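Trainee: So the chains spell out like this:
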Amino acid sequence: MAKNKKPPVVAQTTWKNAFKRDWQLYLLLLFPIAMVAIFNYAAYPGLRMVFMDYNPVKGYSGSEWVGLETFRKIFKDADFIRALKSSIAFNLMDLLVGFPMPILLALILNELRYPRFKKVTQTILYLPHFLSWAIIGSVAYTMFRPTSGLVNMALMNAGIIEQGIPFLTEKWHWAVTYLLIGVWQGMGWGTIIYLAAITGINGELYEAAMIDGANRWKRMWHITLPGIKGTIVTLLIMNLGRVMGSNLERLTVFANTQVKDFQYQLAVYIYNKGLQSGKYSMSTAVNLFQSLVGVILVLLSDRIAKMLGEDGLL
Amino acid sequence: MAKNTNTAGRDGQVSSDGSRAVNKFRISDALMMLFITVLCATCILPFLHVAVKSISGNSYVLAKQVYFLPKGINFEAYGSIFRDGSLVWSMGYSVLVTLIFTVLGMLVCTCAAYPLSKKRLKGKTGITFLLMIPMYFSAGIIPSFVLMYNLKLYDTMWVLIWPLIYSPYNMLIMKTFFQSSIPDSLEESAFLDGASNFQILFKIVIPLSKPIIATLSLFYAVGRWNAYADNMYYIKSENLKMAQYKLYQMVSSASEAQSVTLSEAAAVTSTPEVLQAAFIMFVTLPIICIYPFVQKYFVKSAMAGAVKG
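Just so you know, the protein sequences line up as chains A and B, in that order.
The first sequence maps to residues 1241 to 1554 in the numbering used here.
The second sequence maps to residues 9 to 317 in the numbering used here.
Hints are computed from structural coordinates only; laboratory data are not their basis.
In this text, all values refer to a predicted model and were calculated from it rather than measured experimentally.
Note that CB positions come from ideal geometry on N, CA and C, so glycine has one too.
Among the hints, a few may not be true.
What the hints assert, rightly or not - Derived coverage of chain B by chain A (criterion: at least 3 residues anywhere in the stretch with Cβ under 8 Å from a Cβ of chain A; other residues may be distant):
1) 57-68
2) 170-180
3) 194-207
4) 225-236
Construct the complete structure from the given sequences, taking the supplied hints into account.
Mentor: This is the structure in C-alpha cells:
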C-alpha cells in the first residue's frame, strides 16, 4: 500500500501518491468537513438576506431585493443606535475592569506562600466559570433582590440602610452589578493563562534580582510583568475583537423593564428583532455588521501589536 | 513556548517558592491572603445561602431569618420538584443530550485533529484553514435559524447536538497534543512494520491520548450542559428544553415579577422563594458535585490551549 515510506517530503508528493498513502486520513477528515459544510458554510449564502426584504414565507428566492435599504434603515433606527452605544460602552467597561483583574489575581496567587492554601483557593475561584448564566443569574437575584435579597437583608438588619438598594432594578445600579458579576465570573479562570506564563519565567532572574536587593514589588514589576507581557498582549487582542459582541445569555438573564436602556445591547437587538419581531433582514444586517467589526478589530490590533514589536496573534 | 508547558508547572513552582522561602512572613502576605479569602467567600457564600434556603421552612425565609444556617429544616421543596416531575424529566433529558453530544463531539474532533497533526498530509494548510474559519466568522442567528428549519432540525433534540459538535478550539488543543506528546518515531516504526493509518490511530495514538480525551470530553460535556442560547433559538416544545433553559425561564419570569417593587410581597407568596432556591440547587448540584474531581483536567488543558494561544 505504501511504497513511499522515505521521510515524507511534502512538496514533492503528487496528489495521487498522497491519496494512495493517506486515503484513510482523508476519509477521517470527511466527517468534520461535512459538519462545517452543512452547519457553517451552508449558512453563509443566507447572508444575502441583508440585501433583501426577507420574508420567511417566500424564502430566499421569492423575497424582494432592496439593495442597501436595510443598512439605511438600521442606521436610522433609534433602537440600533442605542444598542450600539450601550454595547460599546459596556464592553469597553468590561475590558477596562475585567481585563486587569485576572492579571492582578495571578500576580497575587503567584506570591502566595502556602501551596495548599493556594491550591484550594484557586479551585474555588475557578468555580463560577463552570456555572451557566442561568445559575449565576438566579443566584444573583437571590443575593440582590430589593428587600428579600441576602445583601439588602443583611444591610437592613444591621441598620446601615433603611430601604433596599435596587441592585438589579435601577439602571445605574444595574450597570455596576452587571459589570462586577461579569468580572467575578471570569476572574479566576482568566488567571490560568497568566499563571502558565509566569511558570515559564526563568527562576534565575528572581534569584539574581534578590541578590541585587530587589524587594517583592520590584520583582513583580521588573520580572514577572515583563515576563508575561506577550501573553497580556495576545489576550488583549483577542478581547478587543469582542468589543462589539456581548453574551446573550448573560444579558437576558439580567433583563427587566427598568434597565432596558442599558441592557438592550446588540446581542439582544439581534435576538429580539430577528426571532421575536420577525425583522429578519435587519437582525442579520446588524449581526453581520457586528461580526465584521469584530474581525476588523482583531486584525487591526494584531497589526498594531506587531508594529510595537510584540508577537501578535495571527 | 510550547515546550515549557509540560515541565513548567513543576519547575516554576519549585523555583518561585524556593526563591521566596528566604523571606519572612510579612503584612503584605497577610493582606494577599485576606484578599484571596474574601474573593473565595464571594464564590461560596451565595451558593451556601441558596442551599440553606432550599431546605429551610417557608415562614423563616419570609421572616428573613435565614442566612447561612437552615431553620426549620425540611425537604418539602425538593419533594414537590420530584412530584411535579417536569424538571426531573429535563435533567434526564439534559444528561442524554450531553452524553450524545460528547461522544459525537470527541469523534469528530479526533477525525479532524489526527490527520491535521501529520506534517506530511498533502493539502493540510488548506483544510486547516477551511476548518478554522467558522471560529472567526459565523453567518449569524437568522441564516442559521433558516438553515436549521430547512434541515428539518427545528424543535428537535438533534438541533442541540449536530450544529455544535465540531469545535475548532477543541480541535486545536487536540492537534497540539498529538504533535507534541506522541513521538513521530513511534508511528514511523509502526508504519515501517506495515501498519495502516487506522491501525496506528487505534492501536497507538488513542491509547496514548487518554488524558487529552478525558479533558476534552469534559470540555464538551460542561459546554453543552451550561449553554442554552440555542434552546432559545431553536426549541419550542416544553419537553425538549434543557434544564438550564428551564431555570433561565424561571428566573426571567420571577425577575419581571420582582422588578415591580410594590408587588414584591405578593410575588414572594405566589412564587415561594424556597421552591426557587430548591430549583436552583437541583440544577446546580450536578456541576458542584463533579467539579472538584474534574477541575484539574480542565486547568491542564486550558494551559495547553493557552500556550497555543
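Trainee: So, for every hint listed, does it hold in this structure?
Mentor: Hint check results:
With a cut-off of 8 Å between beta carbons, the segment 57-68 of chain B has 3 residues touching chain A; three or more are needed, and the interface restraint holds. Using a Cβ-Cβ cut-off of 8 Å, 5 residues of the segment 170-180 of chain B lie near chain A, which meets the minimum of three, so the contact claim holds. Under the rule that three or more residues need a Cβ within less than 8 Å of chain A, the assignment of the segment 194-207 of chain B holds, with 5 such residues. With 5 residues carrying a beta carbon less than 8 Å from a beta carbon of chain A, the segment 225-236 of chain B meets the three-residue requirement, and the given coverage holds.
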